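S.K.: We have chain C already, so just place chain Y on it with the hints.
2 protein chains.
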Amino acid sequence: MKITLQNPVYLEAYAAIGGKAEKEGPLGAYFDEIDETERFGQETWEQSESEMQRRALSAALKKANLADQDIGLLFAGDLMNQCTSSSYGLLSFDIPQVGLYGACSTAAESIALAAMSCDLTARPAAAVTSSHFCSAERQFRYPLEYGGQRTPTAQRTVTGSGAFILSRKKSPIRVDSVMFGRSIDSKISDICNMGAAMAPAAVDTLSRYMKESGRAPCDFHTIVTGDLGREGYELTKIMMAQKKMPIDAVYDDCGLLVYHSDIQDMHAGGSGCGCSAVVGATKLFPDMESGKIKDLLFIGTGALMSPTSVQQGLSIAGIAHLVHLTREDF
Amino acid sequence: MKITLQNPVYLEAYAAIGGKAEKEGPLGAYFDEIDETERFGQETWEQSESEMQRRALSAALKKANLADQDIGLLFAGDLMNQCTSSSYGLLSFDIPQVGLYGACSTAAESIALAAMSCDLTARPAAAVTSSHFCSAERQFRYPLEYGGQRTPTAQRTVTGSGAFILSRKKSPIRVDSVMFGRSIDSKISDICNMGAAMAPAAVDTLSRYMKESGRAPCDFHTIVTGDLGREGYELTKIMMAQKKMPIDAVYDDCGLLVYHSDIQDMHAGGSGCGCSAVVGATKLFPDMESGKIKDLLFIGTGALMSPTSVQQGLSIAGIAHLVHLTREDF
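Top to bottom, those sequences are chains C and Y.
Numbering of the first sequence is given in numbering that gives the first Met the number 0, commencing with residue 0 and proceeding in unit increments.
Numbering of the second sequence is given in numbering that gives the first Met the number 0, commencing with residue 0 and proceeding in unit increments.
Isolated chain C (complex conformation) (with noise of 0.2 Å):
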């Protein structure tokens, strides 16, 4: 289903925290913080995570000029058990708090439903995610000082959180629509390979919504991912083609613009909840209020299993959320 929406809602404002890996990517100099010790004055991953959020969010309320009050909701998540990056990061808001899980298409996700939200009620609202790449590596996989290896079609998340303002207020990117994915379970198991198992949520998402909307893919500007890195961009391509919705000459995927693919040693490339939303808050909406973009398909794309579902020999379904966004001239 195709949501669209009934009143103006504009992307207001947003921000970007991020960490080394970050710095040290094509987007680094674009980022409102940079934390190369990554760990934000805190005594955790997990907590350093949580400020992250804190820094985000706040970064951007003062760049709308807005108070917490002015918030009608706040829509956030993250990757960690319970989502405790988000409850403990925005604890110190005064803001009505909505709790997300979609593994890395929240970013997509929340932006989403506070744009639906500022639709309905007229109230700015608040979308924040993070991810961490070192609370991250300890939950899923192993603990750092294990030194684990990495085969070549895994991500790495990327260590940052993105902040951002729906409201009514006029401003150069405007929400058009949303559509919210489908779970589907393409049978793949591999963690390592998690592009793999998301790029049919997301073909699946992005031929509805052409066949909603009754257009093309190359009818939009730019299309882009979050996060199938270089093994979910190549099968999405792949598979968009045999649909013959060719996307080729107008994708990308956020996974893949984070960071360096030739200087730095990131495998398939990013992944997490942190990285479309920093993507989109370095780049992606820079680009659009600039006018090099005219108009964007944002596609946030998560895989939705656990270390235990794994364990327990489940393959890993996929999920994509939609937001295309237009530049209000355009």
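Worth flagging that the hints you see were computed from the coordinates, not collected in a lab.
Hints should not be assumed to be uniformly reliable.
What the hints assert, rightly or not - Straight-line C-alpha distance at most 27 Å; calculated DSS-like pairs for lysine-lysine:
| hint | chain 1 | residue 1 | chain 2 | residue 2 |
| --- | --- | --- | --- | --- |
| 1 | C | Lys186 | C | Lys242 |
| 2 | C | Lys186 | C | Lys168 |
| 3 | C | Lys243 | C | Lys1 |
| 4 | Y | Lys168 | C | Lys1 |
| 5 | C | Lys210 | C | Lys168 |
| 6 | Y | Lys168 | Y | Lys61 |
| 7 | C | Lys1 | Y | Lys61 |
| 8 | C | Lys61 | Y | Lys1 |
| 9 | Y | Lys1 | C | Lys168 |
| 10 | C | Lys1 | C | Lys169 |
| 11 | C | Lys1 | Y | Lys169 |
| 12 | Y | Lys243 | Y | Lys186 |
| 13 | C | Lys291 | C | Lys236 |
| 14 | C | Lys62 | C | Lys19 |
| 15 | Y | Lys293 | Y | Lys242 |
| 16 | Y | Lys61 | Y | Lys19 |
| 17 | C | Lys169 | Y | Lys1 |
| 18 | Y | Lys1 | Y | Lys242 |
Here the structure is a predicted model, which is why all the values come from computation and not from measurement.
M.R.: Leaving out everything else, chain Y in the frame of chain C:
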């Protein structure tokens, strides 16, 4: 922010699935399906919980005589790491899905969002949540085989799942308004006393709702929190009295309604994402349909910690989301 729906949205159908202890409780006769083995034909407790979600939604859809494609959006969540009970349990449904995490508040959170979605899009929306004693014990506390003892303030995770269909089709129960909670840290760090950790959040949401509505608790027929248990229930009564908003005459708690306090040895009562869901579907909403309850404030309460955050010494933040349901003829 109290969100009053702009169109009439109704609770069209609902269903509840439960386990052995729930069958032996006062609501046992009103479940749609019970499996006393609590396995639901599955090999692991996690998959048993997923299967409950699948059966709950199937039953609710059947009652509403709706197919997958009739549902615009599905809002779901649970207590498992990365919310896998929902991801895997609802995989067989061909419905776009929004993943949520709100700890034990998720039933109210999902119903509130489904109602907003139905208001905005006119399409029916579904809400599903679950919890399972056996999957929760080994994730949050100890494996069952350990035979851990529980303190008097501890609650028991309900084995159950509830599913709810919200639509524009006129039926006796209408959703009047919803209000999302702020996360409140009352500095409780005892993981065996989540009632005390959550009660301040319930009081915050309830008192904000009274203020924004210009009403007093006694103006409502029934106010039910879910699920504070004995400790949180008593604290909520005291704190509301301190705010000059006594609620004793109209107040109950799902954690107290789900088990017999005398003959079932459940300490402070029930808890878990499934608790308020099954109490809603087996008692509160049937009582509304029969006219026994005229209008209802259904307040889901959640404790937003994880085992990791507790081990790291953080206190437990609480959150409470409210749904105001009325009899259409009231």
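S.K.: Work down the list of hints and note, for each, if the structure agrees.
M.R.: How the hints compare with the structure:
no.	hint	result
1	C:Lys186 / C:Lys242	holds (20 Å)
2	C:Lys186 / C:Lys168	violated (44 Å)
3	C:Lys243 / C:Lys1	holds (21 Å)
4	Y:Lys168 / C:Lys1	holds (21 Å)
5	C:Lys210 / C:Lys168	violated (31 Å)
6	Y:Lys168 / Y:Lys61	holds (15 Å)
7	C:Lys1 / Y:Lys61	holds (25 Å)
8	C:Lys61 / Y:Lys1	holds (25 Å)
9	Y:Lys1 / C:Lys168	holds (21 Å)
10	C:Lys1 / C:Lys169	holds (23 Å)
11	C:Lys1 / Y:Lys169	holds (25 Å)
12	Y:Lys243 / Y:Lys186	holds (24 Å)
13	C:Lys291 / C:Lys236	holds (23 Å)
14	C:Lys62 / C:Lys19	holds (24 Å)
15	Y:Lys293 / Y:Lys242	holds (25 Å)
16	Y:Lys61 / Y:Lys19	holds (24 Å)
17	C:Lys169 / Y:Lys1	holds (25 Å)
18	Y:Lys1 / Y:Lys242	holds (19 Å)
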